[in-house]
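Colleague: Got chain A sorted already, so can you dock chain B onto it with the hints?
Protein chains in written order, with the numbering used here: chain A, -2 to 460; chain B, 27 to 433.
Among the hints, erroneous ones may be present.
Stated by the list, open to error - For each label pair, taking beta carbons as the anchor points, the in silico distance ranges come out as:
(1) LYS225(B) - GLY326(A): 41 to 49 Å
(2) ALA123(A) - LYS347(B): 21 to 29 Å
(3) THR13(A) - GLU264(B): 47 to 55 Å
(4) GLU264(B) - LEU36(A): 37 to 45 Å
(5) ARG125(A) - VAL240(B): 56 to 64 Å
(6) ALA312(A) - ASP63(B): 36 to 44 Å
Think of the hints as simulated: they come from the structure by calculation, not from any bench. Even glycine gets a Cβ: it sits at the ideal position worked out from N, Cα and C.
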Amino acid sequence: MLNKEIKEKLRAIVGTEHVLDANLDRFGYSYDSSFVPLLPANKPDVVVRPRTTAEVAAVMALANEHSIPVTPRGAASGRTGGSIPLAGGISLALDRMTSIVEFDEKNMMVTVEAGVRTIDLYNFGAERGLFYPPDPASWKFSTIGGNIAENAGGMRAVKYGVTTNYVMGLEVVLADGTVIHTGGKAIKNVTGYDLTSLFTGSEGTLGVITKAILRLIPMPKLRNTLQLMFPSLDDACNTIHKMLQSGVIPAAAELMDKTCIQAVARHRKMDIDPAIEACVVIEIDADDTEALAKQSKQIEEIAKSFYVVEVRIAASPQEAEDIWAIRRGLSSAVGAMAPNRLGEDISVPRDAFPEIVRRIRGISEKYRLPIAVYGHAGDGNIHPSVLCDLSNEEEAARVHQAVDEIFAAALAVGGTLSGEHGIGITKRDYIVSALGEGGVRTLKAIKQALDPKGILNPGKIWN
Amino acid sequence: MKSTGKRDRLQDVHDIVSQCDRCGTCLPVCPLFGVKDVEAASARGKNNIARALAQGGLDATPDVLAAVNFCLLCRACVDTCPSKVKTDEAMMAVRQYFADATGGAGIKYKALGSVLKNRTMVKLASGALKVMKRVGINRLAPYGMAPSEFTREEYLARFAGPAALGAAAPASPATLSDNTKVAYFYGCGMKMMFPEAAKQTVAILSTLTEPKLVDNVCCGLPHLAHGQKEDFLALAKENIRLYAEADVVVSECASCSSMLKHTAQYLAGDPEWADRANAFSRKVMGFTEYLVKAGYKPRQKVDATITFHEPCHLGRGQGIKKQPRELLQAASNYVEMPGADTCCGGAGTFHMDYPEIAGVVLDKKRQNIEKTGAAIVVTECPVCLVQMAKAAEKSGKFRAMHISQVL
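Next up, chain A with everything else stripped away, as it sits in the complex:
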């Protein structure tokens, strides 16, 4: 518990109404979108909502002086517990820092505060014919600060990369309140260590990101959507590999397995042939209709060489919307199948996609648990959803064994624990098996150097 004097100092820094310590308010900042149980609640002692970098710096200096844990928070839409204040202390909510500070048209870059929502950044660019591509599923409500801290991905990663590919520079408040600026607008920059990349994906454990310089690219003028149905998963994956090798790079290539397809069919009251093992939804973009049509044709030809049974090329924006509705409805359709759903986020080399799905099938049978598999097939990022009832203790035990084996399988095929959600709380038990003792020791050495008192987001990434 923080004493009255410290709370008074916090109020003096950010203003009385931006320090919350009522029980319900503390409860509100105790959770995120992970499956870390709601109760017992991981309540912070106090919620602090700064408006400026100077306020963040003052809060950090105070916290460091008194060794108070600080957990940065954006919209709490993360999937692994990153913003959960596990050690109490201060929940540092950055959602009031919502200014777009600068638009640099010639360099095609924007400087934004951490609390700017990703959709607002996207719209700001779109109004100027520019494109901020990273699109995590939460992009309509998550903040850019959270996206950077977790190095969020999204469906467009196959063509456009992930958050880190657009971060040119950062303003970071260190544990002791020092404000530093990393990177900058220069495209080439090898002055010192690449701290920008270090802080990107650091999950709030190394510093508090307060501003970012982000690059934008020209907005593609036209988009279209295709839906491909395959009787075999291998052929679906082979189609995607062949496309990429042939230089046909889709803006998104989403794959759903049979469990997902039938879940959506039931949910939306459609009939889908049970012989279909895989559905691929592809988005393509280009600057003119000829280029767009050419890509569609190439994809269709490649898919035919891999025995596709149905190719649907959207003929109107409405049809494109209908196709995407299948993918977007997936989460709730799958969620409706069981009381609980543990959604994972493994990532494997692209060519291991069919192999990992086969292994997950095996795990599903072994532990008698339905596992729906969908993912970003173009980049090897897979979200297996274990459908279960965690209130049944015997089943809960099986679920945990199944999840352990899914991680082991991912590592065995050359993949990793997380593609885009981060490690946070939910995957920290597995970090040594992914990085090795030496690897984790290196992470800890960096942490020790930047946050010697261990006040920043304690309890995350490793145990």
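Modeller: Showing chain B alone in chain A's frame:
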């Protein structure tokens, strides 16, 4: 017995809110979170407070009740939620839980509820808002409850000049069968605050059919929303009895028609009433829903620019979105406002309970109305109309009317 009921109530709550996986999709659409951007004010926040209450992680303290009362029940979150978590139903169920636990709803809601339960009291209040004074609600509403009404006569006098595009359109034959017995449901809000508009509703219905006027009782929504479920059920049964002969029940109050359509779900477990409630709910229609189905053509097209505020209980509550706009296009120079379906902050008694917050929510609505340049904003719900009237008064650039006054 009582404790079992309470536990069941929390189980009902838990069944709803445990479907929330806390993703945050609802955050940007909640009008209250837009004014007070702390987690406990958001739909996600309130659902998880409810969940913690049901799971024993939070005690039933007054701040928890205050949190669940701080909800417009506008369903914007439900609409956008990937799992369609029914926040509104969960909030109402928690309020009921508190009422059961503390021996009744809050004194103010009880006072209002008992007035609305009573036909005579509602009638006495007709047009004069005496009821509000009687229960002291007018003192709790610094912005004033009583709107200044802009009548149809004034409207026609102002806009039906040389620019009017001809006389009343010929009435079309109804698509409903000629034998359909249509009954009118006269909601308390219309009765107490907008009897002139209600007269126009009946006049319009009379061009299509011979509407049966029934001495109905309150739809029960205010009771259900504030922990007086037993009263709600008694009112529901009375209305079911009263409308047994009708084939169609029409109300120009979106909250009433929405509540009446949803009545069946609250009697589904009652073997004596389930079937009758189901039959009743299925014959209820919103006013403009009925008009379009009956092929109604507005009595005139007027050269007035009109915009429409879509009540939550109409659009999200009943899926009635196209019909009012279609009719307004035929009756005026219709222009859509940005965020037409965003809650106006009225929300039953919310605007009296939280006048400052409701005032900020309404200010956003007023600005959106002004952006259209419309001379008139119309809506299809008396509580919304109170809010629109307040906005009109503050703006001075437009007037507020019920849709039945301009069709």
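Colleague: All hints, please: hold or fail.
Modeller: Hints, one by one, checked against the model:
{"no.": "1", "hint": "LYS225(B) - GLY326(A): 41 to 49 Å", "result": "holds, 46 Å"}
{"no.": "2", "hint": "ALA123(A) - LYS347(B): 21 to 29 Å", "result": "holds, 27 Å"}
{"no.": "3", "hint": "THR13(A) - GLU264(B): 47 to 55 Å", "result": "holds, 51 Å"}
{"no.": "4", "hint": "GLU264(B) - LEU36(A): 37 to 45 Å", "result": "holds, 42 Å"}
{"no.": "5", "hint": "ARG125(A) - VAL240(B): 56 to 64 Å", "result": "holds, 59 Å"}
{"no.": "6", "hint": "ALA312(A) - ASP63(B): 36 to 44 Å", "result": "holds, 42 Å"}
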